[in-house]
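Visitor: Here is how the chains run, residue by residue.
There are 2 protein chains.
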Amino acid sequence: MGAMTGDLLLHNVRPRGGPPVDLLARDGRLAEIGPDLSPPAAIETVDGGGAIVIPGLVEAHTHLDKTLLGMGWYRNEVGPRLIDRIENERREKGRLGIDPARQSARMIVQASRMGTTHIRSHVDVDTEMGVRAIEGVMAARARMAALADVEIVAFPQSGLLIRPGTAALMEAALDLGAEVVGGLDPCAIDRDPKGHLDLIFGLAERYGRPVDIHLHEPGTMGAFSLELIVERTRALGMTGKVTISHAFCLGTPDAHEADRLIGLVADAGVHIATTAPASRPVPPVKKLRAAGVVVCGGSDGVRDTWGPYGNADMLERAMLIGLKNDLRRDDEVELALDICTRGGAEAMALDGYGLEVGCHADLVLLDAETVAEAVVARPTRRLVVKRGTVVAKNGHSLLEPAADH
Amino acid sequence: MGAMTGDLLLHNVRPRGGPPVDLLARDGRLAEIGPDLSPPAAIETVDGGGAIVIPGLVEAHTHLDKTLLGMGWYRNEVGPRLIDRIENERREKGRLGIDPARQSARMIVQASRMGTTHIRSHVDVDTEMGVRAIEGVMAARARMAALADVEIVAFPQSGLLIRPGTAALMEAALDLGAEVVGGLDPCAIDRDPKGHLDLIFGLAERYGRPVDIHLHEPGTMGAFSLELIVERTRALGMTGKVTISHAFCLGTPDAHEADRLIGLVADAGVHIATTAPASRPVPPVKKLRAAGVVVCGGSDGVRDTWGPYGNADMLERAMLIGLKNDLRRDDEVELALDICTRGGAEAMALDGYGLEVGCHADLVLLDAETVAEAVVARPTRRLVVKRGTVVAKNGHSLLEPAADH
Numbered sequence: 096m097g098a099m100t101g102d103l104l105l106h107n108v109r110p111r112g113g114p115p116v117d118l119l120a121r122d123g124r125l126a127e128i129g130p131d132l133s134p135p136a137a138i139e140t141v142d143g144g145g146a147i148v149i150p151g152l153v154e155a156h157t158h159l160d161k162t163l164l165g166m167g168w169y170r171n172e173v174g175p176r177l178i179d180r181i182e183n184e185r186r187e188k189g190r191l192g193i194d195p196a197r198q199s200a201r202m203i204v205q206a207s208r209m210g211t212t213h214i215r216s217h218v219d220v221d222t223e224m225g226v227r228a229i230e231g232v233m234a235a236r237a238r239m240a241a242l243a244d245v246e247i248v249a250f251p252q253s254g255l256l257i258r259p260g261t262a263a264l265m266e267a268a269l270d271l272g273a274e275v276v277g278g279l280d281p282c283a284i285d286r287d288p289k290g291h292l293d294l295i296f297g298l299a300e301r302y303g304r305p306v307d308i309h310l311h312e313p314g315t316m317g318a319f320s321l322e323l324i325v326e327r328t329r330a331l332g333m334t335g336k337v338t339i340s341h342a343f344c345l346g347t348p349d350a351h352e353a354d355r356l357i358g359l360v361a362d363a364g365v366h367i368a369t370t371a372p373a374s375r376p377v378p379p380v381k382k383l384r385a386a387g388v389v390v391c392g393g394s395d396g397v398r399d400t401w402g403p404y405g406n407a408d409m410l411e412r413a414m415l416i417g418l419k420n421d422l423r424r425d426d427e428v429e430l431a432l433d434i435c436t437r438g439g440a441e442a443m444a445l446d447g448y449g450l451e452v453g454c455h456a457d458l459v460l461l462d463a464e465t466v467a468e469a470v471v472a473r474p475t476r477r478l479v480v481k482r483g484t485v486v487a488k489n490g491h492s493l494l495e496p497a498a499d500h
Numbered sequence: 096m097g098a099m100t101g102d103l104l105l106h107n108v109r110p111r112g113g114p115p116v117d118l119l120a121r122d123g124r125l126a127e128i129g130p131d132l133s134p135p136a137a138i139e140t141v142d143g144g145g146a147i148v149i150p151g152l153v154e155a156h157t158h159l160d161k162t163l164l165g166m167g168w169y170r171n172e173v174g175p176r177l178i179d180r181i182e183n184e185r186r187e188k189g190r191l192g193i194d195p196a197r198q199s200a201r202m203i204v205q206a207s208r209m210g211t212t213h214i215r216s217h218v219d220v221d222t223e224m225g226v227r228a229i230e231g232v233m234a235a236r237a238r239m240a241a242l243a244d245v246e247i248v249a250f251p252q253s254g255l256l257i258r259p260g261t262a263a264l265m266e267a268a269l270d271l272g273a274e275v276v277g278g279l280d281p282c283a284i285d286r287d288p289k290g291h292l293d294l295i296f297g298l299a300e301r302y303g304r305p306v307d308i309h310l311h312e313p314g315t316m317g318a319f320s321l322e323l324i325v326e327r328t329r330a331l332g333m334t335g336k337v338t339i340s341h342a343f344c345l346g347t348p349d350a351h352e353a354d355r356l357i358g359l360v361a362d363a364g365v366h367i368a369t370t371a372p373a374s375r376p377v378p379p380v381k382k383l384r385a386a387g388v389v390v391c392g393g394s395d396g397v398r399d400t401w402g403p404y405g406n407a408d409m410l411e412r413a414m415l416i417g418l419k420n421d422l423r424r425d426d427e428v429e430l431a432l433d434i435c436t437r438g439g440a441e442a443m444a445l446d447g448y449g450l451e452v453g454c455h456a457d458l459v460l461l462d463a464e465t466v467a468e469a470v471v472a473r474p475t476r477r478l479v480v481k482r483g484t485v486v487a488k489n490g491h492s493l494l495e496p497a498a499d500h
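As given, the protein sequences belong to chains A and B, one line each in that order. In terms of this note's numbering, the first sequence has 122 at position 27, counting the first letter as 1, and numbering is strictly consecutive. In terms of this note's numbering, the second sequence has 354 at position 259, counting the first letter as 1, and numbering is strictly consecutive.
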């Protein structure tokens, strides 16, 4: 990577597809925006060639520690149930040598070259691995700090109350530096919704941290868990600090019930993270946004023992969100991208995110006529800028992937 | 494009991911397959570098005449109903100057560089355009014959009985050279299922042609139309000659009803074409295949007035079919690709399709470790071969797109 000065003049770029301007970054922040800026001497100038510029893509739900990127093909012969996949993964971690530090670094490089500048990663905490995955991802994010800001969710993937000792490990993870308290299917996996949620909200209160809970539970079971989450969010005054990931229960075909649940999360200020899996009922993003709910997007697992799909490309994720939600009009496709940029920034309460003067100069240049075209065509990223420094060009990271440490 | 001799030696390629061999094409057909073949003199040799080789991708459901590829971005502000999209398109065809010949040629080039060697295209026949779109696609396929074989379905997009005069135009289309009789939602659009189906099956019988009917109708209405199609397939002895495209009714959540309908199409030898839209219930491909039904895949419309998505990449379509059907195991992902290769060949009754000696040398080279990896990673196509001649390299067509005629 070149000199990391954080100073850069981007000439002839179109913010969100609008008229062309120049953007000047100083010390990693947007300092000036306007036509034909004259750069101070000694500032690198890059010709944007009329490309669209958007703020950095935000990966708001992934699992950096699980990916098999760069490890050779994993032949998937796993059983169909959620618990098959959880148990298979715990077994395979040791057998395959899925090193959380190495794998997280690889995925941060991959995400960065696709234009992602901010990542929220759930990271496994369990009684076999302890907090080693947390330590690994923390090491990777320190090494890759020039590429992306990474937030860590302590995630009890194998259950919390059903695996005694996990609660203490969750505390250890938060003590180490995980920023967010995670959770998982309080009914379907942990078999004790009150116990599970009291525990994680208790941690959140004690540590003063946000919550991001995986809720795959469908139908009325999921709706019940969602109600319990909303009750605790209200009781603890945690408006704006709780995210429900997946929330498949919001995809119920019962429109009246969907409206009721959307009303609950809107009133409580609970955010929704969606990966828009094609095979599942999913939260209806247009309805959620219309109700004022913050919706963010994520890749979920990328090429791991759970499944082979994924490339950490949040522009492609915007397309998949668009396809799943049948977003065809340009304004709808723009909404899909907004979920993968500003929505993520709001859910993660990022400071200084955007394309306004004063914001961090976290930028992606896209060769496309309109934002909607960029989403459907997913062009190779012309330029990715993190805090005013170019970190990827024409799809290639300027930081080599750290292959073996 | 280089000399179109149809003679080629492909060195070091792995058929469907198996052990490396050489493939020799003579006069457009596979003549020899084995390790370390010695080419006869004067035959071009290409080093496959250990790439996977698969037979050409088969695009079994698209609309060549509708695409806006190469025409500048179309801002979509269309209403949400099917009929809004049909009427908007009829209006926009003239306003935008969507020339079927030019646009079909562009999409054939695009599909070819993505590895497609066979295309079935539905082509609009209506009382405004008459058979001009049929003529246009016929002109395009003649010009682009070196890239792909194109089969044309005469398609009454705007309705058949509800638009008097269309039936005569369908006959004119078949007289001109359309190979397949199309149809569309006999209840929901044409409002006369018996009349519609008697008409198109009557044409099929009289002309001795296969049928491929769009059936978007959901639920019990769709199931009823499907029953009427099956009855006519049986009555006319058209086993293996009828395809139902979309068949959303097969995606019913009622497992008992789904099994009943799958039994009907399996017994009648009716094929199913799926585009696996993420936002709709879709035919369950694993169940269909297990019941012995031929399932093929398609892109449907590619960047047209109906919606902005699509790139005519049937490898990406295999991924989308995999995502929609939750195909995660390697054998399941391979099934998704099989649908987009052999399934299409079976549905279209292609002669000499495959990787055996004697088959047409229609081939795609993919840099990937396994077939499943190729589907999820969708690498740039290393080489595309049509009838023994290289037609695309590293993602670039060797035939220039015909931009303006």
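Some hints could be false.
Pairs count within a copy or across copies, as identical chains cannot be separated in the list.
[Said to hold, decoys possible] Below, a list of computed lysine to any residue pairs in the SDA-like style, where the Cα atoms sit at most 20 Å apart: (1) K488 with E266; (2) K488 with T475; (3) K336 with D293; (4) K488 with E274; (5) K488 with G254; (6) K336 with V116.
No lab work stands behind these hints: they were computed from the structure.
Visitor: All the hints need checking, so say for each whether the structure fits it.
Guide: Results of checking the hints against the structure:
1. K488 with E266: Classified as neither; 40 Å inside a copy, 55 Å across copies.
2. K488 with T475: For K488 and T475, both the intra-copy (9 Å) and inter-copy (18 Å) Cα distances are at most 20 Å.
3. K336 with D293: within (16 Å within a copy, 61 Å between copies)
4. K488 with E274: neither (31 Å within a copy, 48 Å between copies)
5. K488 with G254: neither (41 Å within a copy, 49 Å between copies)
6. K336 with V116: Neither: 36 Å inside a chain and 58 Å across chains, both beyond 20 Å.
Going through the hint list in order, the structure does not satisfy hints 1, 4, 5 and 6.
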